[in-house]
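Enquirer: Here the protein sequences line up with chains B and H, keeping their order. Here the numbering used here is used: the first residue of the first sequence is 1116, the next is one more, and so on. Here the numbering used here is used: the first residue of the second sequence is 7, the next is one more, and so on.
Be careful, since some hints might not be right.
[Unchecked claim] Residues from chain B shown here face chain H by an in silico Cβ test under 7 Å; the list is partial:
1. Leu1183
2. Val1185
3. Gly1187
4. Pro1196
5. Ala1289
6. Val1303
7. Gly1326
8. Ala1334
9. Ala1341
10. Pro1343
11. Leu1344
The set of hints was computed from the structure by calculation and includes no laboratory data. Don't be surprised by glycine CBs; every beta carbon is placed ideally from N, CA and C.
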Amino acid sequence: MIDVPAVEHLDPFSAAYAWVHRHLWMVGWWLGGRAVVFAAAAASSRSVGALHTWDARWYRIVASNGYLLVPGQQSDPAFFPLYPVLLRVVHAIGIGYAAAGVASANVAFPVALVAFHALTRELLGDAIARRATVYLAIFPLGYVFSMAYPESLVLAAIALAGVSALRGRWGLAAAAAAGAALARPEGVLVTLPLLVAAWQGRSRLTPVRSGVALGSVLAAAGGFAAYPLYLDRVLHDPTAWSRAERAWGRRFTPFGAVRAVQHLPQSFAGDHWVARDVAATVCYLLLLAAAARAGAPRAWLAVGAAIVVLPLFSGSFTSIGRFGLIAPPIFWGLAWLGRNRMADYGLRVASIALLVAATATVPLAFP
Amino acid sequence: MRSLAVTGLVAAAVGTCALAAGWSVEAAVLPRPPRGDRAAADAVVDLDHRRFAASTLYVGDAPAVRGRCARGWFPARGTLLTLGNGARFFEAARTGAAADPVVRAELVLAGCPRVLASAIARLLQDGASVHTSRAWLGRPALAVRLGRGSTVLTLYLAPRGFLPLGVALNSPLVSGRSRIRYVHR
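Excised from the complex, chain H in its bound form:
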């Protein structure tokens, strides 16, 4: 009986050592994801639950224009952006990355939830360089700058919950910035 107890204790000790060693090696060697990466990933999660966004867009040198973005059936499933100047942009849900890059950039700037989430996710997946700083957008914000090649997407996130408050985009096709308000979930 005693020998069985010794065997069990030694086995448990070896198993625990393996667990502790494995965990320690991971914790000691692998870097923790930077705060900006985690904030951007959390923003993706939040955006995934939202359907409507209202925004004020500043594209290039053009005057500010208001935008309203909705996700739903129009009649195909996708995202529809209606601008204050009457322009309407639609991206079908199934088209995804194949959509017109200029339209897509407008949708990103307008904070259209699914499109913005997809743009952030793609930059994170591609190993974009991420820089974080403090910013002010009428209220304190966390500025997360995601850079990949010649494209830089800057997210202005609420410090708690990481909901996007605004976006700035610099790409070869479109440059602009926006203030975003998510109407309701």
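The following block holds chain B by itself, in its conformation from the complex:
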């Protein structure tokens, strides 16, 4: 006799159909959000080419020519390697670097949405998870998730590492954590929630499983360390990353945050758009406070705070609006603010309006 329910249970098509059906709302918000971004970009002065501007050219140069440090000048070792690796792989199948960059980011974004939703549901429940995922899909600065930048890839890796750890899939957590750290330096911060998850689950784990869990924490550090080691191989200088950062005016010092605030008037005189990053920094800190009210775990709040505050110690507010996009607690805070229907509706309308404006002005301002 064939056990029909068991066959149905194993049928991958049915399982996939059921999964998609359960997540249709997410598909809708993802497609809607991206449609808004692409339409606004198309209406901008650079059309959809706006999605392949600014730092995108550095990632393209790394993918096509490899790393080269030009001391004292802005050069490409400032950019972590996983995204250029992905660009080169996609390019190898016959797609141009510009299209490969935008396509990679836009393919990684739905993965990020799914992983983020799963992580949020594990930590804060279904209602907050749903709202937070919607806000993430239409976040005003979320046009970066469609640009040839690594943010969607990093968010996907961070969320995947977090949810895998919570579900005890430590091997996957290790791979995702290493990937996050190899894609952006902030990715290494995922070690903190992984460490907490490993510690909390230690009584249920065998020594070997405990080792893999602890190894996932070290994996992020390993992924991070792989980059300077590679730079040492190709440029004979493991510090090439920080040297390249200095040419952008970024140098980490204990009083960097004070310097960033002190130099704000000059920064603003040189580039008015820095006001956007200052506003984003303030909003992010308020949203982290809201996430704390929502009951977000402290380890994740610390990750969010570090992602927002640490760049300030390089002496600049520039790009903090973009950096914050990979901090999950920011969207949890937004979901807490949108807990009643009117607030939720207002946040969605405001987000879409700001997303249109922000995307249309990409040719004017470095994100």
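Start from chain B and add chain H according to the hints.
Expert: For chain H alone, coordinates are given in the frame of chain B:
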């Protein structure tokens, strides 16, 4: 105690695997910078430490002219090029790329350290196509050709240390070549 050791060993193995995998992916997928790019970048580093250059310039069809270039205060901070025919060109340090492109081309041809370094760096940053070949400039040299649009800058570098021995420039505004000698650091 044994279980703690097992946990530690497995954790170290996973961390090491992540490090090795990350490094291997980078090494396997990303190209190494070509020799010409590295030589040009090294030339930028060397030029950054130099202040004086003596050169012989051949600009267009004009006869050869000697040039002396110095970086300092004149009285503003910048680069001053004095040619054998009496012409003097100055580029203020703060002006940078905004300077007259013809003057800038003369300064590049004369091997003025900061200006030449900046021109090389800009071409490298812009992803210029780089071709390398052997050359002879009274001594063996490495010719590094940096092409971007209608501008081609060819550096003749010492094979060891990559100090520029000469420059050739082809641009819509100025075409010429030069032999350069850096007087001292």
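Enquirer: Now tell me if each hint is right for this structure.
Expert: Evaluated hints:
Against a cut-off of 7 Å between C-beta atoms, the interface hint on leucine 1183 (chain B) holds, since the closest Cβ of chain H lies about 4 Å away. Evaluation of the valine 1185 (chain B) hint against chain H yields a held restraint, the C-beta minimum of about 5 Å falling below 7 Å. Taken as an interface hint, glycine 1187 (chain B) checks out: its beta carbon lies about 6 Å from the nearest beta carbon of chain H, inside 7 Å. For proline 1196 (chain B), the shortest C-beta to C-beta distance to chain H is roughly 5 Å, which falls under 7 Å, so the interface hint holds.
With a least beta-carbon distance of about 5 Å to chain H, the hint placing alanine 1289 (chain B) at the interface is held under the 7 Å criterion. A distance limit of 7 Å between C-beta atoms decides the matter here; for valine 1303 (chain B) the minimum to chain H is near 11 Å, and the interface restraint is violated. Because the smallest distance between the Cβ of glycine 1326 (chain B) and any Cβ of chain H comes to about 2 Å, under 7 Å, the interface hint for this residue holds. Annotation: alanine 1334 (chain B) was flagged as interfacial toward chain H, and the flag holds, the nearest CB pair being 4 Å apart, inside 7 Å.
Using the Cβ-Cβ criterion of 7 Å, the hint placing alanine 1341 (chain B) at the interface with chain H is satisfied: the shortest such distance is roughly 3 Å. Annotation: proline 1343 (chain B) was flagged as interfacial toward chain H, and the flag is violated, the nearest CB pair being 10 Å apart, outside 7 Å. Interface hint at leucine 1344 (chain B): satisfied, since its Cβ lies 5 Å from the closest Cβ of chain H, which is below the 7 Å cut-off.
Hint check: violations occur at hints 6 and 10; the rest are consistent with the structure.
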